[in-house]
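Line by line, the protein sequences are chains A and B.
Residues in the first sequence are numbered from 491 upward in steps of one, following my numbering.
Residues in the second sequence are numbered from 6 upward in steps of one, following my numbering.
Be careful, since some hints might not be right.
Stated by the list, open to error - Below, computed lysine to aspartate or glutamate pairings styled on DMTMM-like, alpha-carbon distance capped at 25 Å: (1) A/502 <-> A/610; (2) A/502 <-> A/587; (3) B/72 <-> B/84; (4) B/30 <-> A/631; (5) B/99 <-> B/67; (6) B/30 <-> A/566; (7) B/30 <-> A/555; (8) A/502 <-> B/51; (9) A/533 <-> A/587; (10) B/99 <-> A/610; (11) B/99 <-> B/57; (12) B/30 <-> A/520; (13) A/533 <-> A/520; (14) A/502 <-> B/67; (15) B/69 <-> B/51; (16) A/533 <-> A/610; (17) B/99 <-> A/555; (18) A/502 <-> B/59; (19) A/502 <-> B/29.
Unchecked claim - What follows is a set of in silico ranges between Cβ atoms, one per label pair, in the way DEER data are often shown: (20) A/529 <-> B/62: 18 to 28 Å; (21) B/63 <-> A/583: 11 to 21 Å; (22) B/67 <-> A/530: 21 to 31 Å; (23) B/13 <-> A/614: 51 to 61 Å; (24) B/60 <-> A/543: 39 to 49 Å.
Think of the hints as simulated: they come from the structure by calculation, not from any bench.
The structure displayed is predicted, hence computed values, not measured ones.
Cβ atoms here follow ideal geometry from the backbone N, Cα and C, with glycine treated the same way.
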Amino acid sequence: MNALTRPAAAGKAYFGRRYLLSASHRLHTDALTAEENRAAYGKCNNPRGHGHNYVVEVLVGGAVDAETGMVVNLADLDAAVNACVRERFDHVNLNLDPLFAHQVPTTENFCRAIYSLLRDALPAGRLEQVRVEETENNFFECCGG
Amino acid sequence: MIFLTRRAVFSASHFYWNEAWPAEKNEQVFGRCANRNGHGHNYTLEVTVAGEPDPVTGFVVDLKWLKEVMEREVLAAYDHRHLNLETLEFAAGKLIPTTENIAISAWNRLQPAVQAAGGAQLTRVRVYETPEVFAEYRGGQ
């Protein structure tokens, strides 16, 4: 076989999948006064909250399985993300989730929380990165740490 | 170091099938992708090269050159083709044309041409099968 037909000895590859979830939140912390909250969070401090169509992009890494040609089976990844992320956070108010009882549901914190949940749900060492896009113009990434 | 990325689109058909498995296992593992009549996608190929901008031109690479390399090395082989039937890597069940394997194969096709040019290094190939699903290869890193 020449270089083109030899699949691998390829080392690591990555598989990514984008998921949509819609949720509301309000950025507010009891550590600041009402005025300080308004200064820090602006429109995002509106007491009634507001919402986003979040895109959660999950990147998984690993060797390509010689039998399936896959880094991860899409159906398995979908099942994990649906079970621990989408069922929990889609069409809810994020402020009411226990995760955000004591931290502000900024997309930074949301991204880190999703990374942590998925890291524990997927086989060890497979999750590379979680990106959460809050709008078309801003997104946040967590690679652990 | 600057990273420069160019996109191109190609349309191809494929199916997933491991010849070593019985039909039932192929259908169980690959689901709808195991339909032997094939199905198709509009793939997006994203190629990233890295290097220092040339002091005279300000280019890491000439984008027109990169476009030609992508068209010659990848699109000429994959665009409007049945990957399982018409491509060197995937024909006759040699390799299953998953998005992962397409990304690796595209890297293998591009790498010699980028290396021969002697400037920027190929650093990443990403292939979108749909806007929601992609695979990426960074040379095994």
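> So which of the earlier hints does this model not fit?
Replying inline: 2, 4, 5, 10, 11, 12, 14, 16, 18, 19, 20, 21, 22, 23
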